[in-house]
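> So the chains spell out like this:
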Amino acid sequence: MDKEFITRGVKRCSTRQFVLWILPWFALLAFGLFSAGLCLVKGLNQTNMDNRFAFGLWIFLDLTVIALGAGAFFTGFLLYILKLHELRAVINSAVVIGLVCYSGAVAVLAVGVGQPLRFWFTFWYPNVHSMLTEVTFCITCYLTVLMIEYLPVVLKNRKLRQVPSFLVFEFELHKLIYVLAGVGTFLSFFHQGSLGGLYGVLRGRPFAFREGLAIWPSTFFLFILSAAAVGPSFIVLTTWLAEKISRKKLVRPQVLQLLGRISGLLLAFYVLAKTVDTLVWINRTSPDSGFPAVQYYSWKPFGTWILFAEIVVFGLIPAMILLAPRLRARSGWLVSAAALACCGVGLNRFVQTVQTLALPTLSFDKFLSYYPSWQEVGTFLAVVAFGVLVYSFSFRYFQLFPEERELQMEVVQEQEKEQLEMAGRF
Amino acid sequence: MTTTRRDLLRFAGGAAFGAFLTPAPWRLITDTALWSENWPGIPRPARGEIRTKFTHCSLCPAGCAVRARCVGQQPVALAGVFGGLCPFGVTAHHLPYHPARLRQGPVKEAAAAVAAAIAKCGPRERVAVLDLRPGRTASWTYRRAMAGVRNGTYIAPAQPPVSVNLANARTVLSLGAPLLDGWCSPANAFAARDRFRLIQAEPVESRTASLADTWLPIRTGSEQALALSLAGALDTRDAAERTGLAERQIVDLARELKENGPALVIDCRMSQNVVALNVDLGSWGRTIVPRPEAPVPAAWKTAAPPAELAAVPDGSIRVLLIDESAPGEYLPWNEIQKKLVSGNPLVVAFACSREGYGQHAQFVLPAAAFPEVTDDLPAAVDAVAPGFRLATPLIPAPDGLVNPVDFVAGVAGLAAPDALRQRADAIHASGKGKLVTYADGKSAAVKEVKADEFWKALNAGACWTGDAAQPGRAPGRDFSPAAEAAVPALTAVAAELAIADSPLMSKVYQESNLRLGPDRVAMHPRSARECGVEDGAKATLETSAGQRRVEVMIDSGICPGVVLVAARPGFEPGQAKVVRI
Amino acid sequence: MKIRGKILFLAGAMTALGAGWAGFPRVIYRSRPQPVDFSHKVHAEKAGSQCEDCHAFRDDGSFAGIPALDKCAGCHAAAMGTTAAEKNFIEQYVTPQREPQWAANARQPENVYFSHAVHVKRGQVKCEQCHGPQGSSDRLPPYQVDRISGYSRDIWGAGGRPGMTMDDCVACHQKQGLEHSCLDCHK
Amino acid sequence: MKRYGMSIDVDRCNGCGACMVACAVENNIPPAHQGANDRKGITWIRVYRVDNGEDFPDRRSAFVPVLCQQCGEHTPCASVCPQQAVDVDPATGIVGQMPERCLGCRYCMAACPYHARYFNWWDPAWPAGMEKTLNPDVALRMRGVVEKCNFCHGRWHAAKQRAAAAGKKDIDPADYVPACVDACPTGAIRFGDLNDSATAVAEDARKPESFRLLEKLHTDPKIYYRSKKDWVKEIASAPRPGARKESLRG
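Chains as they are written, first to last, in the numbering used here: chain A, 5 to 430; chain B, 194 to 774; chain C, 172 to 358; chain D, 70 to 319.
By construction, these hints were calculated from the structure, which means they are not laboratory data.
Incorrect hints may appear among the rest.
To spell it out: a stretch of chain D is covered by chain B in this simulated footprint if at least three of its residues, at any positions, have a beta carbon under 8 angstroms from a beta carbon of chain B; those stretches are [stated by the list, open to error]:
#, stretch
1, 129-138
2, 204-210
Label-pair distances were calculated between CB atoms; the ranges are [stated by the list, open to error]:
#, chain 1, residue 1, chain 2, residue 2, range
3, D, 309, A, 183, 39 to 49 angstroms
4, C, 344, D, 198, 35 to 45 angstroms
5, C, 203, A, 6, 50 to 60 angstroms
6, D, 141, B, 296, 45 to 55 angstroms
7, A, 148, B, 728, 27 to 37 angstroms
8, C, 192, A, 13, 18 to 28 angstroms
Even for Gly, the Cβ is constructed at its ideal location relative to N, Cα and C.
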């Protein structure tokens, strides 16, 4: 029934099948919206956050999804600025992923503040010294950019093309795309950084506090680097998932390998930088503020293992795999390495947000624990469901993978050739 | 021509565009934010002229002088006149609004029932008043009333026969008395604090203990033994065994008390042994003097003498009127119950809430809460000279309350027109002492003020202090041997004084763990392990006061084998059991 | 066809503009009449009274604001003039000892701390500077309150009214170089 | 320019909690919601119980009142607030918090090493009738905003007004004393202008046994604690796991 919406020349599952696929996600979304509603109407007492654990699951979610969404800006940057044309194959899907991640993050931020009605104060009375101001400005701006970048994808839809003015508009937009990519890149570089700064500037939390260049602590740059590193990995991951779920070939393996290679390269840099930063912090920054770094890791369960896992298991190892052409060539290795990298960035954001708050600062403090309430988890899941839905719809009705059609042709031709050959035999 | 969908879209587009050029959308955004400033349901503090009123806090016998900051007539903040107040005093002006506060009661029915019960009182059966805070003018009225009733008895918890003079002390040994935590007026205690060395002998590290110069952690119930051995009436080895101290410590302590005098030994009720020990140490007349009392009208001398509960024969009280509106030391209910007649005795309690004896009484009649009461205060345990201090109401009492004094006087057919005024006049007539007014801090000799002015001043915020009486002959040093009580496996000890508290006290026991909340107990890790509970565990606590659900807290400052509980009215230290739920 | 589109667009814009500029202010404010129609002018001329005579300071420097009934009753125990307003006032309020519920246009929000003593006595600010020519007005301005925010129009509203909005305060404080922190004026 | 500060004699504090409730009375802080606990309540000044880590009978405790330390140098909370709801008053050195401007993002709470900032998790509510006892000099806060100690700013306003009414240029120090100082029965807390070396506070601050919490963070707190006991002085420094048993009460 929705045939005329589906791009020519690509196969999509039957409407019934599609409905069956999205229904559970819609259910999840509904539940999530309900719990978010509770938090908005009854207030944040619905969460398990408290005066000492002022941030919880949500801020962790924000930092993580935005790091993963970095693929959007970085792929754009590689494609339009550095002219890596192979990446045209994944740029659309990258944009969708970016859109999903950023809109999700903004939504959660809106639920997470005590007085959402005052959201505009940040724009009207901004405190330029606050990292959160930088974050808010950049995220909102970049979200608009993403929407504009998303428009062409939408307008290319088979049905919408029928409106002539849309076509014109879309064409005009295309001229803009380089500007957009540039702006987008700048903005996201900036707020990936300010998200890192968010905790790096906390002088009162020596576990997170870092020295740095000018007004920016070292975490500012580490976040940019790590985000740029895992962004491509996440695209590899999602594309692979899409291929598996839709049981189709969507991009040429070389593209994914290229992404993997870039990811690995940056990850290697990141691991190096992170190591240096950690050493400086352990030997200078932390002791200078009166906190011997060893004590952070003597509060169970957050022992030194967490540092090891962050840098080696989820940093060095995937970087090695992705840098080794042989391993990279095998999709199994490629994907699992990408997955490792993504977990790594997640762990790093977790350490930044949760462990920082759990550790005591006053000598008579306790080591604190925190478990999110179901309302918090629900809101978290809403973002996930929202993401899956947007991606599914975009995948079904828009052309996320331009190469898909050709790949399909090739498959068909091969089949025909075989048939001919067979015919020739007899 | 027809309007198409496009036309509508165009119109709408234009409207949207135009709207942004008007103040409306921006104003709406602003207004919603402003609306969040006066969020619905947030009360608005009343404005008005700021006035200052004075009174005396009647929450405990210390009776601190209070300066009240009022908006119009309503007190909004209390502060001490001679220094700080305890947290209960600071928030006392909330008590009338306490959710558990009693506002209505079957007054007529109670009066009728009492009259009927008195009418059919047997020859041996008694009508009794239990007064938790003796020494007040109200107490005198009760005693006079009981003198007028057949077999009328006035019962009160034993009062300290002496009061202490902290100002003179150089060494103070406190046997479990919370000297710095509400035993006497905090202003006095801390004014004198820097001049004496404080030795606290107590099984738990109480607030006083943590501030004391020396804390002697002794076993529960061994205070008397320590006192006796210090007086040489008990062998040191024996005492060491009972208290859990080293003999050496006891010997040193004894020496210190002798050498670094004037010494003062106190315990919660200034028991006979402790008084005798003080006499022994030669403190009589220096750090310890007989309890002073302000003059009373000669006509009152016919009043019934105070009786201790123990002195009343069992099963003899038919009518018991309990005044707990002025809280003091609560006598354990099971003791009281023994004294009641077997066949339906009548118990009437006058109280602000059902918390206390109300649970056991047939009738609970609502009495005035602190800033509404008109009452006076007995001499505090740290008052060397006689005094007269009024607790005058800061706000009018709501309708439907009963004044226990009037009720009892009515029962006895005693005309008690304004006993407080009579007392004041008697004091004035004595011509002794001086009148200290708080507003200006001036003091005038009583001789110089007229009776009316005297009375007016007392009501407007002033106190009368008489001349310190001569100590007279010291009481003979006769010691009552400390009963060798078997120490139970787990002993419950009260953490706080049981005082009615404001909802805001949640700051110190719910929103922080500074004080032990009513639903919490604290114990040493070891005894917790023995009971099979750990920190934060839910458990049931069984004491003589009954059973209740509590949350366990670990505190290694508590003597093993002791469970620290927040005292409730009627609670008494003793055997306890903590069972995990 | 094209023209028609433009016309429709403009029509839409015009409607919105009209509604936003003319209609909206009427909708957003709720108006409340004053209990008594009181003339500052009359009192200033006939009784020759100054502002301070009725709007007095207390000893602690706090400002009494609108005088209570007894102040009025001091003169108006019985009718002094012949106006219906006064007659009405005496019957409605003085005789039954009922405080008139004045609607104070100048009452600042709960979160604002404004001390008349500091401004008038130390700052030497004239009443008119903020309240406008209230003293010579013949009738009280109607009390207009924002339906959503609940603030009086003088406190947070359109221009053309006496300057008692936060922006007015800030402007003056900046001029005087007296602007330190939020808590200077907020409580 | 004044620099208001406080000195707290830890050896004198008996942990009665009068300061905590007096603060709540003065600043219109509501009683706890039944769901509140020691981590969700609002206590602008909070008395912690610390101990020397020994076991009975060698255990000794001390009580440490902790309120906003009014940091003077790169004040952690002021710099992070995205919408200027936190500011340091140059005239008094007091760190101010504007509930009406606050977005409730709680970034400042994460930034504060002294845990002196509190969030309104619930709508403020009082038992029926008790709202009559609210203080008109302090505005009530709404749900979803952060609040903290501001040295009883309402009293500062009142003092300024009294001075103006009396035609005086400067306020009388006796007129401006925070509620906790007023209420403290032990006289452990002193308040005054640290810039004026004659004040008792400035004197205390100079005493050898006086210290400030986490001084090495270079936030220049204006609350000076002091104690003669060495194990009490340790509370000034960073936590050392195992050195002191967790103080489970207080």
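> All hints are to be evaluated individually against the structure, with a verdict given for each.
So, going through the hints one by one against the coordinates:
Coverage of a stretch by a chain is defined here by at least three residues with a beta carbon nearer than 8 angstroms to that chain's beta carbons; for the stretch 129-138 of chain D and chain B the count is 4, and the condition holds. Judged by the Cβ-Cβ criterion of 8 angstroms, the stretch 204-210 of chain D is covered by chain B as claimed, because 4 of its residues qualify and three suffice. Residue 309 of chain D and residue 183 of chain A have their C-beta atoms about 55 angstroms apart, which leaves the hinted 39 to 49 angstroms range violated. Separated by about 39 angstroms at the C-beta atoms, residue 344 of chain C and residue 198 of chain D satisfy the suggested range of 35 to 45 angstroms.
Between residue 203 of chain C and residue 6 of chain A the beta carbon distance is about 58 angstroms. The supplied range of 50 to 60 angstroms therefore holds. Restraint check, residue 141 of chain D to residue 296 of chain B: a C-beta distance of roughly 51 angstroms satisfies the suggested window 45 to 55 angstroms. At roughly 52 angstroms, the beta carbons of residue 148 of chain A and residue 728 of chain B sit outside the given window of 27 to 37 angstroms. Taken as a hint, the range 18 to 28 angstroms is violated for the pair residue 192 of chain C and residue 13 of chain A, whose Cβ atoms sit roughly 54 angstroms apart.
Violation of the numbered hints given earlier is confined to hints 3, 7, 8; the remaining hints are satisfied by the structure.
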